[in-house]
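Chemist: Sequence:
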Amino acid sequence: MTKTQLDIEDDRTDDGQSVTESQSLSSCPECDGQIVQDHEHGETTCDDCGLVLDEDSIDRGPEWRAFHSDENDEKSRVGAPTTQLMHDKGLSTTISWQDKDAYGQSVSGRKRARLQRLRTWDERFRTKDAHERNLKQALGEISRMASALDVPDPVRETAGAIYRRAVEEDLLPGRSIEGMATAALYAAARQHGTPRQLAEFAEVSRVAEIRIQRAYRYISRELGLEIEPADPLEYVPQFASALDVSDEAVRQARDLLTTAKAAGAHSGKSPAGLAAAALYAATHLTNEQLTQETVSNAAHVSRVTIRNRYQELLEVYAESGATRDDQACRIASGEGSDRWPSNGCDE
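Just so we're aligned, residue 2 is where the sequence shown starts under the numbering used here, counting upward by one.
Honestly, the hints are just simulated from the structure, not real lab data. From the three backbone atoms N, C-alpha and C, an ideal C-beta is built for every residue, glycine too. Be a bit skeptical, because a hint or two may be false.
[As the list claims (entries may be wrong)] In silico DSSO-like pairs for lysine-lysine, Cα to Cα no more than 30 Å straight-line:
(1) Lys101 to Lys112
(2) Lys101 to Lys137
(3) Lys90 to Lys137
(4) Lys90 to Lys101
(5) Lys129 to Lys90
(6) Lys129 to Lys101
(7) Lys129 to Lys112
(8) Lys137 to Lys112
[Unchecked claim] Label-pair distances were calculated between CB atoms; the ranges are:
(9) Gln117 to Gly43: 47 to 53 Å
(10) Val53 to Thr95: 41 to 47 Å
(11) Ala149 to Glu223: 23 to 29 Å
(12) Val108 to Glu204: 39 to 45 Å
(13) Arg176 to Ala114: 39 to 45 Å
(14) Ser93 to Glu294: 49 to 55 Å
(15) Val37 to Pro155: 39 to 45 Å
(16) Ile96 to Ala131: 19 to 25 Å
(17) Lys101 to Glu31: 54 to 60 Å
(18) Thr95 to Pro230: 39 to 45 Å
(19) Val168 to Glu294: 38 to 44 Å
The task is simple: from the sequences and hints, build the whole structure.
Modeler: Spelled out as structure tokens, the structure:
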């Protein structure tokens, strides 16, 4: 037996709405008009009189938008999203290493043996051939090194995609898996504008720095990776964080590098070396007085490079028409006045 209109009105709440009743109604209780669902505003309203029967409804749709049917099919999914950091892109079953049931209770010895047997067979089915075993080992190395270097997730995904392309292009024969995996991670960091020193990758890798450098050149050439030269300004935040310098010194270092780039003094020089030298010079201009050894250890740049680039940066900074810094003149002339040109600093 269905409720009449009077019964429905009696069941209403004080604000004139009843969520349960509005969900079961097929017509408006006021004018018998058609009820429509406004998913954009989360409301259930009457199409004729505009009566709001329900509001603040839960949106159970996807969190993404699709503008055509193909995009809708690509984005529709069930379960966790796919990832480039697993050889099967995360589409296989994962069995936990813990011998516990769904309630967190330890299982019996007989069930532990069965779980171990399941893990063994699962491992065999997930890596059926040498191609998948290669991918599994390499992507595991990428994840390990990325965690050690605290690399962002987008960089890790890009590194996995680069290594997959290298495997598809048959670039692996004759080269070590670790070297190619490290080179892929280094290339991904360069592509995302978060470059790291090659020496940092060599510290967490199992191969020498020269082999990583060769693998990187080979991958970038064969895959046609469009990687722009690193900007010295991109190294300043990480070096400044490692050295724990003041914000004033960071601004001064950026000013030194910007002036050097405008004058073309950065061409043909190591971006990391320029950034380290700029921070070293900036700390002297702000009276923080960091030593060359401290900067060298934090930036993985030799003291000779810091000393040479430091002198050049101060000279360009003092020579620039936009800035005339007497302290920079004094520091640079103190390092070697015979190298200092006659540009007004001695006036």
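Chemist: Confirm or reject each hint.
Modeler: Hints and how they fare:
no.	hint	verdict
1	Lys101 to Lys112	holds (10 Å)
2	Lys101 to Lys137	holds (26 Å)
3	Lys90 to Lys137	holds (10 Å)
4	Lys90 to Lys101	holds (26 Å)
5	Lys129 to Lys90	holds (15 Å)
6	Lys129 to Lys101	holds (28 Å)
7	Lys129 to Lys112	holds (26 Å)
8	Lys137 to Lys112	holds (28 Å)
9	Gln117 to Gly43: 47 to 53 Å	holds (49 Å)
10	Val53 to Thr95: 41 to 47 Å	holds (46 Å)
11	Ala149 to Glu223: 23 to 29 Å	holds (27 Å)
12	Val108 to Glu204: 39 to 45 Å	holds (41 Å)
13	Arg176 to Ala114: 39 to 45 Å	holds (41 Å)
14	Ser93 to Glu294: 49 to 55 Å	holds (50 Å)
15	Val37 to Pro155: 39 to 45 Å	holds (41 Å)
16	Ile96 to Ala131: 19 to 25 Å	holds (23 Å)
17	Lys101 to Glu31: 54 to 60 Å	holds (57 Å)
18	Thr95 to Pro230: 39 to 45 Å	holds (41 Å)
19	Val168 to Glu294: 38 to 44 Å	holds (43 Å)
Of the numbered hints listed earlier, not one is contradicted by the structure.
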